[in-house]
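Asks: Work out the full structure: start from the sequences and follow the hints.
Chains E and P supply the protein sequences, listed in that same order. My numbering applies: residue 1 is where the first sequence begins, and numbers increase by one. My numbering applies: residue 1 is where the second sequence begins, and numbers increase by one.
Simulated from the structure, these hints should not be mistaken for laboratory data. Computed from a predicted model, the values in this text were never measured in an experiment. Check before you lean on any hint, since a few could be wrong.
When chains are identical, the list treats them as one kind, so a pair holds in a single copy or across two.
Said to hold, decoys possible - Straight-line Cα separation of at most 20 Å, DMTMM-like style, residue types lysine to aspartate or glutamate; simulated pairs:
#, residue 1, residue 2
1, Lys-233, Asp-98
2, Lys-224, Glu-14
3, Lys-224, Asp-199
4, Lys-3, Asp-199
5, Lys-233, Asp-105
6, Lys-3, Glu-62
7, Lys-233, Glu-158
2 protein chains.
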Amino acid sequence: MAKLILFPVPIGAEDPDTSLPPYNREVLNTCHIFIVENIRTARRNLKRMGYTHPIDDVTFLELNEHTSPLDIGHYLDPIAQGHDIGLMSEAGIPCVADPGNLITDMAQQSGIDILPLVGPSSILLALMASGFNGQNFAFNGYPPIDPQGRLSLIRTLEQRIHRDNQTQIFIEAPYRNDKLLHFLASHLLPDTRICVACDLTLPTQYIRTRHARQWLTAPPQLHKHPTIFLLYK
Amino acid sequence: MAKLILFPVPIGAEDPDTSLPPYNREVLNTCHIFIVENIRTARRNLKRMGYTHPIDDVTFLELNEHTSPLDIGHYLDPIAQGHDIGLMSEAGIPCVADPGNLITDMAQQSGIDILPLVGPSSILLALMASGFNGQNFAFNGYPPIDPQGRLSLIRTLEQRIHRDNQTQIFIEAPYRNDKLLHFLASHLLPDTRICVACDLTLPTQYIRTRHARQWLTAPPQLHKHPTIFLLYK
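Replies: Pasting the structure below:
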């Protein structure tokens, strides 16, 4: 039975051998149709990950903000003809913090088998190393940009930290990282702790947990470095 | 600088090549002190993962409900003498749904570097394949056993699903899986959907998403099979 296969890709410039199991490459080479966000980076990622099939024989189906829902409705048709389809993200694992779940949702509704493969998730790597509660945690995506919405979200999440013992995780557009850290350090309760996890899987990796106000002194330079922010008590 | 290294292990009986990057084995063989939940399974897991160092030279430090906090306070001492320490879970990635964060918390407070390695998380594999929102999700651990507490938790989570668009994830002791599925299918709003993800990474893997009430008809047999439950609208 043909299926939808979820292929993680490396998070950054790291050697794929640090973040992908050997089995993924084996499965990758049996697959010749891929749903991707951007064809250029997908070609490059396939090559990096050891794809040996001639790339000109590969069918790429683009899934991004320019794709018409009408087209997407047909993306899984080849599965009925016995062809496996691969879904790849731009970085990390697909369907987490990216629009891939449009496709998995459609597959689930059609009763199509889905095979998720193991790969790097900066969210989980950060959580593992934060020292925070890993038995109860939430990933909240991007915080609102306007200060009022941002403050109101932070108040809600701080309640969940203290009442439910739930670690709160989010990300920010990398050029706004420094601003977000300053905002968090200034507005969280002083005994709330912040973990900053930056450049995961890279040699410059930095993962540090401190109390909110401590981050106001000599903060790290996070500008344009992919960073995960975690909050806990 | 010596550091604390977080080593994932396979989730179940799968070949480690399906769930661990080659780099992990390389790092594993440089490490001769391990903090583990159970020494017997840790020895078995080291062997499976291709550990070649003589196992009798390895120091194991046990971390479980019998360990005294006084002992734990000294577990990271070898790092000051220049020895890396590995932290392994019983299955899957450490510090997520296990007590490993006692150790990472202590490391963070002492300014010790932590290196989290990539590996299989049944929570993330389930989320990827569920079709549910991966841009906002929460893992809630085990639900309470008493029906009243269980119902009250489910009502809270259902609010977060519909108001915050947040996918809700939990696990159950495997011998209570069938009972939990029946409870969820009966008590959730009819338009709430449940994804059942069972035996992840194994040939018997089963990942299906349906509306709550549909699970009352011909439910799968989950008894003693490791299963992740996910809820969304």
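Asks: It remains to establish, for every hint, whether it holds in the given structure.
Replies: Outcome of the hint check:
{"no.": "1", "hint": "Lys-233 - Asp-98", "verdict": "between (28 Å within a copy, 18 Å between copies)"}
{"no.": "2", "hint": "Lys-224 - Glu-14", "verdict": "within (17 Å within a copy, 38 Å between copies)"}
{"no.": "3", "hint": "Lys-224 - Asp-199", "verdict": "within (10 Å within a copy, 39 Å between copies)"}
{"no.": "4", "hint": "Lys-3 - Asp-199", "verdict": "between (33 Å within a copy, 17 Å between copies)"}
{"no.": "5", "hint": "Lys-233 - Asp-105", "verdict": "between (35 Å within a copy, 11 Å between copies)"}
{"no.": "6", "hint": "Lys-3 - Glu-62", "verdict": "within (18 Å within a copy, 42 Å between copies)"}
{"no.": "7", "hint": "Lys-233 - Glu-158", "verdict": "within (9 Å within a copy, 25 Å between copies)"}
Against the hints set out earlier in the document, no violation occurs for any number.
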